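Asker: Here is how the chains run, residue by residue.
2 protein chains.
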Amino acid sequence: MQENTMVFEETIVKLLETKKYSTIRDIMAAMNAADIASLFEDVEEEKLPLLFRLLPKELAAETFVEMDSDLQELLIKSFSDSELKEVFDELYVDDAADIVEEMPANVVKRILQQSDPETRRMINEILKYPEDSAGSIMTTEYVSLRPEMTAEEAIKRIRRTGIDKETIYTCYVTEEDRRLIGYVSIRTLLISDDEERVRDIMDDNVISVTTTDDQEDVSILFGKYNFVALPVVDKEGRLVGIVTVDDAIDVMQEEVTEDIEKMAAIIPSEKPYLKMSVPDIWKVRMPWLLLLMISATFTGMIITGFENALQAQVVLTAFIPMLMDTGGNSGSQASVSVIRSLALREVEFADYFTVLWKEIRVSAFCGATLAVVNFGKILLIDRMLLGNTEVTISVAAVICITLFLTVVCAKIVGCSLPMLAAKLNFDPAVMASPFITTIVDAISLLIYFQIAKTLLNF
Amino acid sequence: MQENTMVFEETIVKLLETKKYSTIRDIMAAMNAADIASLFEDVEEEKLPLLFRLLPKELAAETFVEMDSDLQELLIKSFSDSELKEVFDELYVDDAADIVEEMPANVVKRILQQSDPETRRMINEILKYPEDSAGSIMTTEYVSLRPEMTAEEAIKRIRRTGIDKETIYTCYVTEEDRRLIGYVSIRTLLISDDEERVRDIMDDNVISVTTTDDQEDVSILFGKYNFVALPVVDKEGRLVGIVTVDDAIDVMQEEVTEDIEKMAAIIPSEKPYLKMSVPDIWKVRMPWLLLLMISATFTGMIITGFENALQAQVVLTAFIPMLMDTGGNSGSQASVSVIRSLALREVEFADYFTVLWKEIRVSAFCGATLAVVNFGKILLIDRMLLGNTEVTISVAAVICITLFLTVVCAKIVGCSLPMLAAKLNFDPAVMASPFITTIVDAISLLIYFQIAKTLLNF
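For the protein sequence lines, the chains are A and B, in the order given.
Here this note's numbering = 1-based position in the first sequence + 47.
Here this note's numbering = 1-based position in the second sequence + 47.
Hints were generated in silico from the structure; no laboratory data involved.
Among these hints, one or two may not hold up.
Since the list gives no way to pick out one identical chain from another, each pair is judged satisfied if it fits inside one copy or across any two copies.
[Stated by the list, open to error] Here are the simulated DSS-like cross-link-like pairs (lysine-lysine), alpha carbons at most 30 Å apart as the crow flies: (1) K470 to K322; (2) K212 to K470; (3) K67 to K282; (4) K212 to K271; (5) K66 to K330; (6) K94 to K67; (7) K500 to K271; (8) K330 to K424; (9) K271 to K330; (10) K67 to K132; (11) K318 to K203; (12) K212 to K61; (13) K271 to K318; (14) K61 to K271; (15) K156 to K500; (16) K104 to K156; (17) K67 to K271.
This structure is a prediction, so every number in the text was calculated from the model and none was measured.
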């Protein structure tokens, strides 16, 4: 599939050079909106308005939604007022709202001027909800039915109005005051007798979200309950919109990327990696690097404090990297397990002591295994094979006891910090490897030198 | 919602103690399958068969699918043959195949004995595809139409057969030899005139996957094209099944969890964190910890090699943790950015030089910023504030030049290894922080001591 798309793209670029516009039109008409949008990213900017005008109306609108906001802005600027109106009339209102949100003020003004009053009202409705809320990703175009309708009337209504709705697969049943009382799938309607009432075939155990719910929570519900759409109600329980599964998938992917970026000490950005300029990347990577670098001052101070000891036993220095890395890895295993479970809503703060007790036992087993293996390794490889006579049995003991304690501390810190962050309504993802590593470094060095002082008598 | 569910659960456990079974039946009938399944995990095992028998037939089957395989096995063992048949007759065949896959051989035999021959054939069909392939997650229950049918005939067919199909929202159009030639949504059918031919209203630009395609690639297509279902064809282009969006979402979440675990040096497992026993967790965490610990022998050897230099300038030791951590963080930023872009299919191996050139420039800027800030920090904080007179301007220069070169090397290694892994068909996710850190540690120490030797003359 990937390859087919690439062949398509090359063909079209060639046809464009030779001005074979009608051929291009036919090819694009058979393509998918997402593929056309990625094709548009590869052609020269001045050819773009020309290419876009070759698309049939509906496909043009679908393609427009799939493009990134820079190209959208470029196109809008090239549109006449009537072209702009034509494209926006074809859009679903949640997509229109998404686009409006990304545009500069003067473009927004032009778009809203060209929309009919009803669309304008709906766009403004969606825009008033906070970013990342259910309200901001919902669409206000859904099929609503009344409980007293018959199945036949309901299907007629869908056939008449369904073309403008984002989904007709699930229809929502509301009272006259717009209060949501149930839902019915088109499948149920189709297999019911014509004269059955919606009231009798609908499912009144309807799961809904409110406009201010977090979009990540909403997307998790899709994974849990296998919906194709989820109704959004206001505080009074009145239906105001629906979230469709395609938007939920987008949210899921966005949130995962955001979590992964935070776990790697990167400030999340909405742009894909290849679209980011060098200064863009610099901006999202520098702050954490700087902060973590400066907080390493503490580990430096710890080492300086034990300088005399190190001068007497330089061999201890050779194991600092191993101790720090093993501590960091152990801690990040625990923190990442907890962060992911929190994100999937499998774990919550109430489970803290269960998690802690589990990590203490796991860390004891892991620490013991590592310590035993390492003791053997030090004596066999470092002392016998590499002939490093400074590595005495006491030194090996110091290293292995430190290793054990470091692993235990690392896993305790690693599982605790994300849980604490969740409790305090911070994003637990920040409490991943880099952050944990910095803390565990300091802890492991303190343990190391303390034990060395005790066992090696200096 | 979460809280409502918890109240439900507590109520039911209480009702169970007082044997108010009819009340429990009414409550559960109004609940959602996923919620009932999570309720079942909290009740005593011996009460489970009793509770399960209180569920209405269809809901019982839906709940059964949502339960984890231990509980499923427990229930199957308590079922009579006719109960077993009743539950499995209600299941979609892809769900039945998933369950069969997790069961021990004797249970599988019993299930297949109780299924009718057609279901047995379909289950075996799905089970023959490799794990993680499109074939293994597809269902063979879909609506297929013929091109010569009218819209009215098509809708009649859906009303007649739709009840057994996993989705009726998209119908697939096939020739007599089962070759897939197009698709049509139920929406299109409903808004078309009764006598229009399927051939004329179907979309013949149909995107399909083959049975052996990777399930992760399939799930990415759902994100890209906003489908609710995707047809699966065999090598001859004949339709054999469909993948529905709910299964695609499950795959997406599984694959992300797997990637995140690999990035944190954990061997992926399918069990949720809280369900894993302490030995389970030990097993998935130990191998990488051990491997990484032992590979730290190299960093130890490097330090031992420069022992004399360190004895002369112990101050250099104090900056080893900062240099190693900053290198590790810089490298993991680059590797994680690349790994995520590869997973979302935004980047492929062909982009390697674009990525490399980007990372070289980013690392130069990041390295320079960090070096300059660090130079100031060392002189102001370490030398003046903390009064560490060993930190001379030459020492600060050695540290900052090393820092710059380490960041550049770290980002080059960080972006290159995942790309290389992708090229060699390994999972790029393994090339994340822990692995990169170990390599970058060695590089940064070599640079450090080489520059120290040159600038500080020892």
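Asker: Each hint: holds or not?
Answerer: Evaluated hints:
1. K470 to K322: Intra 35 Å, inter 22 Å, cutoff 30 Å: inter-copy only.
2. K212 to K470: The answer is neither: 40 Å in one copy and 43 Å across copies each exceed 30 Å.
3. K67 to K282: neither (56 Å within a copy, 34 Å between copies)
4. K212 to K271: The answer is both: 25 Å in one copy and 21 Å across copies each meet 30 Å.
5. K66 to K330: Cα proximity of K66 and K330: none, with 42 Å in one copy and 63 Å across.
6. K94 to K67: Close inside one copy (13 Å), not across copies (73 Å); limit 30 Å.
7. K500 to K271: Close neither inside one copy (54 Å) nor across copies (60 Å); limit 30 Å.
8. K330 to K424: For K330 and K424, only the inter-copy Cα distance (21 Å) is at most 30 Å; the intra-copy one is 43 Å.
9. K271 to K330: between (36 Å within a copy, 28 Å between copies)
10. K67 to K132: within (28 Å within a copy, 62 Å between copies)
11. K318 to K203: Close neither inside one copy (43 Å) nor across copies (47 Å); limit 30 Å.
12. K212 to K61: Result: close neither inside a copy nor across copies, 38 Å intra and 45 Å inter.
13. K271 to K318: both (28 Å within a copy, 16 Å between copies)
14. K61 to K271: between (47 Å within a copy, 26 Å between copies)
15. K156 to K500: neither (71 Å within a copy, 64 Å between copies)
16. K104 to K156: within (23 Å within a copy, 56 Å between copies)
17. K67 to K271: Between. Shortest inter-copy distance 29 Å satisfies the 30 Å Cα cut-off; intra-copy 50 Å does not.
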